[in-house]
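Q: Okay, here's what each chain looks like letter by letter:
Protein chains: 2
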Amino acid sequence: MKGNNGKVFLVGAGPGDPELLTLKAVRALGQTDVVMIDDLVDRRVLEFAPAARVIEVGKRGGCKSTSQDFIERLIVRLASRGKIVARIKGGDPFVFGRGGEEALTLARAGIECEVIPGITAGIGVPAALGIPVTHRGLARGVTFVTAHSRDGTGPDWAAFARVDTTLVIYMGMQHVAEITAALEAAGMPAATPAAVIQNGTMEQQRHVIATLSTLADAARRAALGSPALIVIGKVVGLAHPAQRAAAQRRIA
Amino acid sequence: MKGNNGKVFLVGAGPGDPELLTLKAVRALGQTDVVMIDDLVDRRVLEFAPAARVIEVGKRGGCKSTSQDFIERLIVRLASRGKIVARIKGGDPFVFGRGGEEALTLARAGIECEVIPGITAGIGVPAALGIPVTHRGLARGVTFVTAHSRDGTGPDWAAFARVDTTLVIYMGMQHVAEITAALEAAGMPAATPAAVIQNGTMEQQRHVIATLSTLADAARRAALGSPALIVIGKVVGLAHPAQRAAAQRRIA
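If you read the protein sequences in the order shown, they are chains A and B.
With the working numbering as the guide, the letters of the first sequence map in order to residues 1 to 252.
With the working numbering as the guide, the letters of the second sequence map in order to residues 1001 to 1252.
It is worth saying that the hints were derived from the structure and are not from the lab.
Possibly wrong hints are sitting among the right ones.
[Said to hold, decoys possible] If you want the footprint, here are the derived chain B segments under chain A, 3+ residues with CB under 8 Å:
(1) 1021-1030
(2) 1088-1095
(3) 1100-1112
(4) 1131-1143
(5) 1157-1169
Glycine included, every Cβ here is placed at the ideal spot set by N, Cα and C.
With the rest of the complex left out, here is chain A:
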């Protein structure tokens, strides 16, 4: 079976700006017969795959979307017919991208799979505001989590409050008030700088900069929604003055 198989590239497109694609991703796209692209990925990346058939596989937190099972069956079917397939995801395929599941499914089917990393939103989006997520003296490091895991439970926020890393929460917009309240209850200071950034690195980027205790209200007043990232920690205090001013105007 292996002889007739194609190949799958699991490609990270980065946080939004199409220029954050890597050279390796561009080279892979140029070789592909089929591109399977997520909703949140900028369509300009398709310019690098001019000969490819494009399949839209809408996946969007909370909304109606193509099921993961269906996507995986489709990738296997295409690759086992000899196609070179690029599966493009926002951010990095192995950071909250379900790329691990897809890689395992392909391995079980005996199909070659190459993972091409992308800039994850948790690093690239704060950087767009001037926020260095691991700044020495302000953070020991950085933690990326989602608000809820597969079993529906939330993280042990008390443990996160103790860890002294910048906390970056993906897909958390439904839970800003709950998360910030839990961290405050766990002993994180109410004045800890915190931000919500929607559509980071894209033209339509919008954000608020507040504190742990005021973040939920600020995000609500600015009418921010998904896709967005929550960033909590002293490093948020290093955001560019211009970005702080823009955030102020937004919630005034």
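Once you've looked at the hints, dock chain B against the given chain A.
A: Then chain B, alone, in the frame of chain A:
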């Protein structure tokens, strides 16, 4: 003063493989008069800056290296003479890259600075072994830390043991035994899968895959050294079978 100033790009070159450079980084390099490049960055990236003067600013954990102060003074001097400067760092400039310090120094000097994110080693290097750092059901997320912070103290490993994220430790090769012992003492199971990966994503990549209790010995027997990454968590168990076999041969 502002009128005569040049501009500085703080560019992340990614974990090693020069193809992991972004399109934005390539565009910036093409505009630069001067490139300041770290020791650990592959020299092939200089092909994208054919007209630039190249300044080597050796920075390497533990060894004799150009001081951070000197580097910052040099960047400011060049940019304030109107030069377009690209400061290239391994990985991402804002993840343990001292990019935050450089950005603040430039802001104080009134010099324009643009940060161009790169693939951080903590994501790209495990991916090269097939390890998805946030795989659902195996990890709630991922934490990046260094073994020691500016004040010389180590992290609160007991808190990290409770957090249930994949733990990725940068610049920790001097402390593998100490870190793994502390995590085990804090209640992390001795059988937790763990890896050390040296020169990840480069031709000379070498690694071991072991458990929390056997990692330090395995890394020593395989004679692994810096630059390397330590990855601890159930997700390490998803490394490609071929990578597992290579690791076995290395410590046999």
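Q: None of the hints should be skipped; say for each whether it holds.
A: Verification of the hints:
Taking a C-beta to C-beta cut-off of 8 Å, the region 1021-1030 of chain B contributes 6 residues in contact with chain A, enough for the three needed, and the coverage statement holds. Interface restraint, the region 1088-1095 of chain B with chain A: holds (4 residues with C-beta to C-beta distance below 8 Å; minimum three). Coverage of the region 1100-1112 of chain B by chain A holds in this model, with 5 residues showing a Cβ closer than 8 Å to a Cβ of that chain against a need of three. Restraint check on the region 1131-1143 of chain B versus chain A: 11 residues with Cβ-Cβ distances below 8 Å, three needed, restraint holds.
Remark: the region 1157-1169 of chain B is confirmed as covered by chain A, as 6 of its residues place a Cβ nearer than 8 Å to a Cβ of that chain, reaching the required three.
The structure agrees with every numbered hint stated previously.
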